[in-house]
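One-letter residues, chain by chain:
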Amino acid sequence: MIDFLMRRVLVVGTSAFLALGAASALAQQRLAAIEPAGSAEISIKNFKFVPPSLTVMPGTAVTWVNNDEEPHNVVSPDRAFRSKAIDGGEKFTAVFDKPGTFKYICAVHPQMRGEIIVK
Amino acid sequence: MTERDNGMEPTRANLGRRRLLKCMAWAGTGIVWTVAGGVPRSLGLGEAFAAPAADGFTFVQISDSHIGFNKEANPDPNATLQAAIDRISKLPKPPAMVLHTGDVTHLSKPEEFDTAAGILKAVKQDIHYIPGEHDVIGDDGKQYFERFEPKIKTGGWYSFDQGGVHFVGMINVLTFAKANLGGFGSEQLEWLEKDLKGHSASTPIVVFSHVPMWPLYPEWGWSTDDAPQAMSYLKRFGSVTVLNGHIHQVVQKVEGKVTFQTAMSTAFPQPVAGQGPAPGPMKVPADKLRSVLGIREIVIEPQKSAAVTDVTLA
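Going down the list, the sequences are from chains A and B.
Residue 39 in this note's numbering sits at position 39 of the first sequence, with consecutive numbering throughout.
Residue 311 in this note's numbering sits at position 311 of the second sequence, with consecutive numbering throughout.
Note that these hints are calculated values from the structure, not bench results.
You may find that some hints are simply not true.
Computed spacing ranges between beta-carbons, pair by pair [said to hold, decoys possible]:
#, chain 1, residue 1, chain 2, residue 2, range
1, B, Pro277, A, Pro99, 33 to 43 Å
2, B, Pro150, A, Lys98, 34 to 44 Å
3, B, Pro218, A, Ile117, 24 to 34 Å
4, B, Glu146, A, Asn67, 32 to 42 Å
5, B, Glu111, A, Asn67, 18 to 28 Å
6, A, Lys98, B, Ser186, 55 to 65 Å
In this text, a Cβ means the ideal position worked out from N, Cα and C, and glycines have one as well.
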């Protein structure tokens, strides 16, 4: 469970991409080489994960976008998987490789719950 | 707000929550609240400062500084924390000490802790801290405890005696990720039961923690799941004052000999419970901001309930 699903975990600030694009073609290639099979997005709005349940194929990069002014994070209750604080306007991406159902909460606001189903 | 709402009867003891919430909204126009014997009454700011200093043991609660917050609801929480410290220094009777009931920082970042500690150094009195959920993001409070309560062992909760009052600092923001619920956890509750055993029922008790210790609005996480167990250990005492933060506004509840009080933030207000889709920073006109931020003075007099005065930064 430790390397969980994460081949790659990025806090994908727009600035990170801009910096990469401008500075290093090599980095771009490396990024492209491990680009996941697909991607999906979960919006955090009004203290809710939308959609609360998301089904994806193995290898999908799931990005949480915080559209609140309040910081949130994404944490699995067994701590196998936990983001840092995602402030308003920031994003967090994790790649889900292995099949299973992965429940998570916002540890800052534990009433916020969601799940990723990988199959 | 209508004239009739402003004409509330301030001496009625059993104010319903709805009525209290109305009063809270009114606090936005520069009114200061006093609770004596559990009965809220309002004071104008000048009146509060002109009132003769009480004889009892006096201390101050500040809360929810959110250093690092930079959104529209308050682009400069450093300045408003500084204003809160100025308010403390201008109280007619200097408080014996200060409690900070959590969310010192906004994102638990090292630089936020640095800035907060730098500003709070200006407080002359000892400050006793208890963390909010914003202080423990990502590291279970490691930086927080190193910085603010380095002598505290075990889980970070503690108690002390001062001015004839037994103070208990409790933590209800660290079980979130483990249990999916905000709460104290069994280890802390066992500690509380033992901690209180050595004290007579006539000892005034002040419990302080971040999240409200009664189900104020569980839908928004404004509740502590296992607080009823804590309250069962406290019920034999003649005077129990529970001081919380988290919701950035004054809400009061009286249950027998226990008074529950949430405090204003020094950074930004939040909506009244259930008004709007979610909690979170609430924008008010810039010139109104300091009228919804504040500090709280608490006076504990022997054989009496705590007298609580909320003072805005306006």
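Hint check results:
1. The beta-carbon spacing between B:Pro277 and A:Pro99, approximately 34 Å, falls within the hinted interval of 33 to 43 Å.
2. About 41 Å separates the C-beta atoms of B:Pro150 and A:Lys98, a value consistent with the hinted range of 34 to 44 Å.
3. Checked against the hint of 24 to 34 Å, the pair B:Pro218 and A:Ile117 passes, with Cβ atoms roughly 27 Å apart.
4. For B:Glu146 and A:Asn67, the hinted distance range of 32 to 42 Å is satisfied, since their beta carbons lie about 33 Å from each other.
5. A hinted range of 18 to 28 Å holds for the C-beta pair B:Glu111 and A:Asn67, which are about 25 Å apart.
6. A C-beta distance of roughly 33 Å is found between A:Lys98 and B:Ser186, which places it outside the suggested range of 55 to 65 Å.
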